[in-house]
Amino acid sequence: MSDSIAEREADARARRAAVTRFDAPVVLSAGAGTGKTTVLVARVLAWSVGPGWLRAERALAAPGLREATPERVAERVLSRCVAITFTEAAAAEMESRTLAAFAAVARGEPVLNFDPEDAGSDPAALARRARALLAAFDHFQVQTIHAFCRRLLAAHPIEAGLHPRFTVDARGDERAAAVRAALEERLAAMAEQGDADLEALLPDGVGAPELEEIVSALAAAAVPAAAFAADPLAPERIRAWAEALREPLVALAAAEDGRFAKASRVGKALETLDAVHASLRALADAPATAAELARVVGSLRDAWSGRVARIQEWAKPHFTSSERAALGESAVQAVAEAARGLLPRVVHALEIDAERLARLHRVVAALLARVEQRLAEAGAESFDALLRRTRELLVRHPAVAAEERRQIDQLLVDEFQDTDRMQCDVVAALALEGDAGERPGLFLVGDPKQSVYGWRSADIAAYMRFVERVARLPGAACHALCVNYRSLPAVLDEVERAVAPVMLAADGVQPPFQRLLPSAPRGAAATRDAAPAVEYWWTLDWDADAAAFVEPKSEAAAALEARHLAADLVGRHADGVAWKRMAVLFRATSNLDDYLGELRRAGVPYEFDRDRSFYRRREIREAAALARLVLDPHDAIALVATLRSAWVGVPDAAWRPLWRDGLPRAASEAIEGGDAALARVREIAAAAAEQVARLAIPGLAALAGWDASLVHAIEVLRALRRSFASDPVDVFVERLRTWTLLEATEAARHPGAFRVANLARFFRELQGMLEECAGDVAAVLRALRADDGETAETYEGRPRDPDEDAVQVMTIHGAKGLDFEHVYLMQTHKERGRGAAGPLDVELCGDVAEWRCAAGGGIASLGHPAVEARRARVEEAEAVRTLYVALTRAKQRLVVAGVLRARSDGSHAALLWRSRGEALVAARAAAERALGEGDFRTERDLGGAQLRFLGARAPADATC
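Under my numbering, residue 960 is the last one in the sequence shown; the count climbs by one each step, no gaps.
There is no bait here: all hints are sound.
Label-pair restraints from in silico Cβ distances:
(1) 437 x 858: 50 to 58 Å
(2) 250 x 402: 47 to 55 Å
(3) 776 x 240: 51 to 59 Å
Once the Cα atoms are required to be at most 27 Å apart in a straight line, the calculated BS3-like pairs of lysine-lysine come out as:
(4) 316 x 553
(5) 316 x 268
(6) 316 x 262
(7) 36 x 580
By construction, these hints were calculated from the structure, which means they are not laboratory data.
Glycine included, every Cβ here is placed at the ideal spot set by N, Cα and C.
Generate coordinates for the entire structure from the input sequences, incorporating the hints supplied.
Structure below.
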C-alpha cells in the first residue's frame, strides 16, 4: 500500500470518526483546505438527527414529564449542543451552514460527510426530525468564547465575585474613564502635597500620558493588581535574575573555550570575552539586595562599554574570517547560539535602574488597584477579564462546573490551535473534569500548523499539552485530515517542498509537518490547465558589465516587484479572472504604498483593510491629545501630552516646578478664556524656566525658550477653543491643522511624508467624527480617548464587501481562513511587520506580572527577559507557520516574490532558501550563463515551479 493510499484512508477514518464517535473526546487536526467547517457541520447534523435525538427522547420520556413531541425533542437536542468559535464571523458561518445542512436533510438531499444510515432511521423520519430542528434552530448555541464566558458568568455572578448587572466594556470607555479618574486623583494629590515617586519619574520621561497608557494596557489585559503586589526587587527575584544572566555567560565562555587567545587579528573578540569573564566575576557574590544589584549593574556597564556590538554580530551569526578560523565551524555555531541567548540578557541588564524600576512599580500598582476598584464598582469587565473570571469560577467552584456539564451533551470547539492557557482551562473544566459519566462529548478541531497568533497570547504549547491530556483518556481519538479540496496538486507539492524541510517538530513550539493530498476534483482540474501553477519571482538586477545578477536596494526591489505585480494582475484579468479572485499578501506592510500606487496607476481596483496600529503612532497620539485639550481644557493628561509634544517642547525637568506652581488649573482656565489665568500661566512658565536653567542637565540648552513656546501654545489653544465654539466644523479643523503647524513639524522628522499622511488622515477622521456627533462633545471625547491600539485583533480576515470586484490586498494574518484563485506573496525578504510598539508588554507568569514599558527609554521587570526569550522562540516557529498559511491560500496559482538569498533573519526568504536554496542557486547560475551568452529569457525551471528573474532584461538592440 502506498503512503498516499494509507493517508487517504486515514483521512476517511478521521471524517468517519467525527460523525460517529460521540461518547469520547475526538481531536481533529485539519490541514489547510481540508474542509474542517464541513466536518463540524456534519457532526452537529449527525448528532442532532441521530444519537442526540434518541437521547433527548429518552430524557423527555421520564415519568411526570409532558409528551416528548418532535418540537420539544428538537429544542432539547439543540439547547444541549454548544459550539465555541473564536470570532463572530466564524460563529455566523457555522450557524448558517448548519442551518443549510438541516434544510438539505429536510428536503431529502445529501450532505457532505453525513451518511443517513448512521442515524439509524429511514429517510422520511430523518426529514421529519430535520424539519423540527429547523423550527427550533434558535436554541442552537453557537458562540464566541467570550460570549460563552459572559453567559456563564451572568448565570453565576455571586460565585464569580461580580456585580450582579455587570456589563462588557467592549469599547473600553469605562476602562478609560477609570484610568483617567485614578490618574487625575493622583495628580491632584501631587499638586497639593507632593508625590516623590511621580515627581522623580517625570524627568525620566514617564509622565501622565505614559502612565495612562501603561495602566490602561494592564486593565485591558485583565492583569490583576495582585500581580503587582510582590516586591519587584525581592531577594529571590534578584538571585533568579543573576542566575539567568550567568547561564548564557557560562555557555558562551564554554563554547569559545579559549580559542581566541591562541589566534591573531581577533582583538575585538578578546575584548568581548574579557567582558564575559568580568561579568561572571561580578555575579560571583550572588547579589540579593537592591544595593548589591546596583553594584553588579555598575560593574556590568563598565565591562560591556563598547563591547555589545560583537555579541550582536555573533548572534546573527556574523563572524570575521579570523574569528571563524580561530573557532572552527562547529564552535562557530555553538558561539552563535550562546550569543543569541546572551544578547537580550545583557541588553536588559545594562538598562536596569533599580530605583526607577521600584518607583514605577509602586505607582503602577497603586493606580491599577484604584482602577480595579472603580471597574468593580461600575460592573465593567474587559474581554480578557471574562476569560480569567470564567476560569476562576469553574476551578474554584466545582459545583458550578458540574452543573454546567450536566446541561451540555456535545461541546464543539473550532480553531482550537488559537487557544491560550486560560481557554484551555475553561474547556478542561467543562469536558475533562468531574465524573466521566457526566462529561459532555468533546470535539476539538484545529490545525497547529496554522497557529499564528502568539503575539495575541495564542499558546501552541498549551494546545499541545491539552491534546496530549485528551489522548490519554479512555476511548479518546486523535485524527488528522490531509485531503485538500482547495488547491491544485502543483500548489500542494510546492507547499511540501517549501515548508516540510523547515517545519521541524519541537515539543511545545512546533508541530510536525503533514503533507496535503489533492482531492479527486482538484486532481482532475490540474490536467486541464497547462500553465504553471507555481511561480517564483526573484527580484534581481542584471549587471551587464559583470555578467551577473546583483541585489537591488530595498526601495528599488519594491518598485520592481510592484510593476510586475500590476502588469500580471492586469494580464490575468484580461484573461477572464475576476479581480476579487486574486489576492496580494504581505507579511510586513512597510513598502505597501509602492504597491498600491502602482496598482492605481495600472487601473487595478483593490481593497485594503486599514492599519490597526494607526492610533498608536506618536504623531497621532499627540494630535489626539491636542484635540482633546481643545474640547476639554480640564483634561490634565491631554495637557501634559500636548505640552510635551514636538509642537511645544516642554522639557521633562520642568514638570515638577510647573505642577507645584499650579499650571494645570491656570492652563485650563486660560484656555477657557480667562485673562488673569493666562497672566498666571506666564508667571508660572517664567519661574519654572529660571529653576530649570540652574539645573546641570545635558542638552537642556538646546530647548531654550520653551517657556515662551508654552505660553504661545496656551494662547493658540484659547483661540482654537473659541473657533470650536463659533466656527463651522471644517473651518475649526483647518485652523487646528494650520495654527499648530503639526504637519510642518512632523514633516521635518523621519519619515516625514509618512507622518504627514497619517496626520492628514487623522484630521479627516476628526472632521467626520465632529460632523457625525453634531455637537455632542462627550461622544467625540470618548472616541478620541478610546485607545484603538488596544482593540482586539480579529483572528481571520473577511473582505469588507464580498460583492465588490476588487483585488484583495491584505496581511497573511488577514488572509487566514480565506482562499483565492491567484495568490501573490510579496516581499518575502521582509521580516514580520510589528507596527507601532505598544506602551506596555506584559505577561502573567504564575501570579506575578513580568513587564516592559517603552516609556523612560525602556523599563523592565527583572523577569521580563525570560518572556522575551520565549517570544523569540515563538516568533521563529510562527514564521514557518505564516509561510504555510500564505502558500495554502492559493487555489489555482501561487506567486512567491522577493529578494531570495541565504539569510539569518526571520524572513520567509530565509526559510525558502533553506528549503529551495540548492535549486535556486543552480537556476541563477544557469540564467547568468545564458544571459552572458545573449539568451535573455527571464523564466527558468525550478523543479515543479517556474522561476522568473524580474530584473533580467535585454538590451535595446538584442533579440530575445
